[in-house]
Amino acid sequence: MTTEATALVELDDVSKYYGNIRALEGVSLEVRAGEISCVLGDNGAGKSTLIKIVAGLHRHDAGTFRIEGEEVTLANPRDALDRGIATVYQDLAVVPLMPVWRNFFLGSEPTKGSGPFKRLDVDLMRSTTREALLRMGIDLRDVDQPIGTLSGGERQCVAIARAVHFGAKVLVLDEPTAALGVKQSGVVLKYVAAARDQGLGVVLITHNPHHAYLVGDRFVLLKRGVMAASHTKDSVTLDELTRQMAGGSELEDLRHELERPTGP
Amino acid sequence: MSSTAPSSDGVDHVDERLLRTTPLKKLLARPELGSVVGAIAVFVFFAVVADGFLKPSSLGTVLYAASTIGIMAVPVSLLMIGGEFDLSAGVMVTSSALVSSMFSYQMTANVWVGVGVSLLVTLAIGVFNGFMLTRTKLPSFIITLGTFLMLTGLNLGLTKLISGTVSTKSIADMEGFSSARKLFASEVTIGGVELEVTILWWFGLVALATWILLRTRFGNWIFAVGGGADAARAVGVPVYRTKIGLYMGVAFCAWISGQHLLFSFDVVQSGEGVGNELIYIIAAVIGGCLITGGYGSAIGSAVGALIFGMTSKGIVYAEWNPDWFKFFLGAMLLLATLLNAWIRKRVEATK
Chain A
1 MTTEATALVE
11 LDDVSKYYGN
21 IRALEGVSLE
31 VRAGEISCVL
41 GDNGAGKSTL
51 IKIVAGLHRH
61 DAGTFRIEGE
71 EVTLANPRDA
81 LDRGIATVYQ
91 DLAVVPLMPV
101 WRNFFLGSEP
111 TKGSGPFKRL
121 DVDLMRSTTR
131 EALLRMGIDL
141 RDVDQPIGTL
151 SGGERQCVAI
161 ARAVHFGAKV
171 LVLDEPTAAL
181 GVKQSGVVLK
191 YVAAARDQGL
201 GVVLITHNPH
211 HAYLVGDRFV
221 LLKRGVMAAS
231 HTKDSVTLDE
241 LTRQMAGGSE
251 LEDLRHELER
261 PTGP
Chain B
265 MSSTAPSSDG
275 VDHVDERLLR
285 TTPLKKLLAR
295 PELGSVVGAI
305 AVFVFFAVVA
315 DGFLKPSSLG
325 TVLYAASTIG
335 IMAVPVSLLM
345 IGGEFDLSAG
355 VMVTSSALVS
365 SMFSYQMTAN
375 VWVGVGVSLL
385 VTLAIGVFNG
395 FMLTRTKLPS
405 FIITLGTFLM
415 LTGLNLGLTK
425 LISGTVSTKS
435 IADMEGFSSA
445 RKLFASEVTI
455 GGVELEVTIL
465 WWFGLVALAT
475 WILLRTRFGN
485 WIFAVGGGAD
495 AARAVGVPVY
505 RTKIGLYMGV
515 AFCAWISGQH
525 LLFSFDVVQS
535 GEGVGNELIY
545 IIAAVIGGCL
555 ITGGYGSAIG
565 SAVGALIFGM
575 TSKGIVYAEW
585 NPDWFKFFLG
595 AMLLLATLLN
605 AWIRKRVEAT
615 K
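Going line by line, the protein sequences match chains A and B.
Our numbering numbers the first residue of the first sequence as 1 and each following residue consecutively.
Our numbering numbers the first residue of the second sequence as 265 and each following residue consecutively.
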């Protein structure tokens with residue numbers, strides 16, 4: 001591991017407490033360029049806390065957090081963004097009533113002209129939006145439509161394309177497939193892979209081991225705030241991952257309980 | 265089909281995912297559409313029932329009535345797109361006029377000094393509104409209701425304390441009065457029609473606001489803070505600064521209105537302005553501003569103000585009882601809001 005380039009993001013034995021609640025304890029995570037690290041866990045396992053630390057919304061209480069080898073404590077989301085960590089939340093941080101191209105550049109609008117004539121470079125914004133989306137394989141016919149009229153999967157893809165376009169090195173995705181159907185999930189995963197192929201490090205938060213195994217290179221399993229397991233792709237099978245994710249023996253019990261008596 | 269998207273915007277190849285983008289549909293998506301239809305209806309109506317409504321001089325009168333509302337409806341609509349209200353906008357106009365008048369009268373010999381001081385004071389009120397809002401995170405309804413009541417009290421109290429009566433002393437004989445009057449309350453003749461200078465202010469402000477809204481970063485942020493403040497913050501939009509800027513815009517226009525109020529006469533009644541804040545909001549809403557923010561236009565507010573002007577003066581030209589004005593206004597407001605709600609539903613529907 002030491003011979004490779006330093007990891008883009010490296011969490012080592014990180015813990016986070018809210019008052020007397022142990023939200024996260026001793027979690028380690030590694031994100032490398034061109035790889036997808038999956039964080040798996042059931043509801044309340046600490047996935048959200050973990051990404052909030054990486055995204056700069058919360059500060060960790062113990063352990064070390066390194067970005068490209070440098071130990072950091074992020075002050076706020078802007079700080080994380082400046083260091084190349086872009087987070088796509090479940091609510092996607094888009095403004096539904098605004099057109100796609102305005103959303104795409106929101107907060108980082110390009111301008112032309114100077115003084116009182118400084119204005120948005122609307123043509124550039126429109127064409128860049130279209131091109132950036134096309135590069136990700138998203139063919140959006142009309143960048144003028146309000147982003148609220150897109151489907152959940154499409155919006156997710158726009159948010160990913162936006163992060164990629166603005167030079168993110170690490171992309172943190174919070175349950176990108178949670179609310180989507182099978183086909184839409186596939187589309188989103190394709191764009192996640194496209195981002196990876198462009199050399200980004202990706203953190204994929206999910207509770208779906210099937211989705212994770214399809215694209216992931218590393219897997220971290222969280223359970224009730226602690227790290228239950230950590231695998232690389234070649235050290236684990238989908239069945240094993242699913243079994244661990246679903247609680248292993250618990251699942252066995254469940255199957256027995258649900259089993260239907262066979263035969264007449 | 266997908267990899268070879270039509271590159272030109274003009275003549276489109278038919279994309280199977282694109283069902284219906286007729287020009288009519290595009291027009292329907294404009295925020296000010298409802299108000300334009302309404303304005304045409306009102307215009308035709310009064311053109312038929314009211315003698316003299318179509319005379320050029322009547323046009324000037326109608327536009328003047330519209331402009332006094334419109335100057336304030338512009339920043340109020342921007343603020344509303346940004347997701348906030350300003351209930352203090354009406355009395356702020358009076359405050360601005362009072363400060364200008366009384367400072368000139370008491371402290372100096374030149375009205376321009378008062379005009380300048382008034383600008384600073386009014387902007388400070390706007391900053392106060394915005395600062396309180398972003399600091400306390402209370403609804404703007406509460407914050408500006410507080411400012412509204414405080415200003416109402418201050419207007420009356422301070423004027424009585426300083427002038428001894430409820431109105432200010434005349435400043436007509438002071439230095440600079442005529443030049444200030446030229447700027448804020450004169451008439452210009454364009455094409456044989458005598459127009460109040462406020463009409464020019466109004467048109468100028470609408471153009472400026474439209475430019476800001478559609479072609480500047482700040483405009484993009486206005487839509488964003490109104491349409492989704494959390495999302496805007498997450499991508500780095502300075503939400504608080506944007507809102508404070510919007511309140512300063514309201515204050516700036518209140519200053520213009522206030523100076524007009526002062527210089528079209530030469531005294532100011534300290535009790536004026538109460539209730540006008542709602543008229544500004546109604547003009548903005550009729551013009552297509554979504555009451556929850558994130559959607560609307562400055563031109564819409566102008567059309568809303570024009571409907572106001574046409575109705576209030578049209579009723580006079582038709583020699584009706586002006587009591588009907590309020591009824592008519594209420595009906596327009598309801599219709600406009602219903603139309604807006606329908607648009608929002610269409611826009612936000614996710615397939």
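Hints in this document: simulated from the structure, not taken from any laboratory.
Any given hint might turn out to be false.
Stated by the list, open to error - Some chain A residues close to chain B (C-beta under 10 Å, calculated; not the full set):
id	residue
1	ARG102
2	GLY107
3	ARG162
4	LYS183
5	ARG196
As the list claims (entries may be wrong) - Calculated Cβ distances over 12 Å to all of chain A for the following chain B residues:
id	residue
6	PHE392
7	LEU472
8	TRP588
In this text, a Cβ means the ideal position worked out from N, Cα and C, and glycines have one as well.
Cross-check of the supplied hints:
1. The restraint placing A:ARG102 at the interface with chain B holds, with a minimum CB-CB distance near 6 Å, inside the 10 Å limit.
2. Interface restraint check for A:GLY107: the shortest CB-CB distance to chain B comes to about 4 Å, inside 10 Å, so the restraint holds.
3. A cut of 10 Å between beta carbons decides the hint on A:ARG162: the least distance to chain B is about 8 Å, and the hint holds.
4. Contact between A:LYS183 and chain B, as hinted, is not supported at the beta carbon level, the nearest pair being about 13 Å apart and thus beyond 10 Å.
5. For A:ARG196, the suggested interface contact is broken, since its CB lies about 21 Å from the closest CB of chain B, more than 10 Å.
6. At roughly 27 Å, the least C-beta separation between B:PHE392 and chain A is larger than 12 Å, which holds for a residue marked as non-interface.
7. Separation of B:LEU472 from chain A is inadequate, the least Cβ-Cβ distance of about 10 Å not exceeding the 12 Å criterion.
8. Against chain A, the non-interface label of B:TRP588 holds: every CB pair exceeds 12 Å, the least being about 36 Å.
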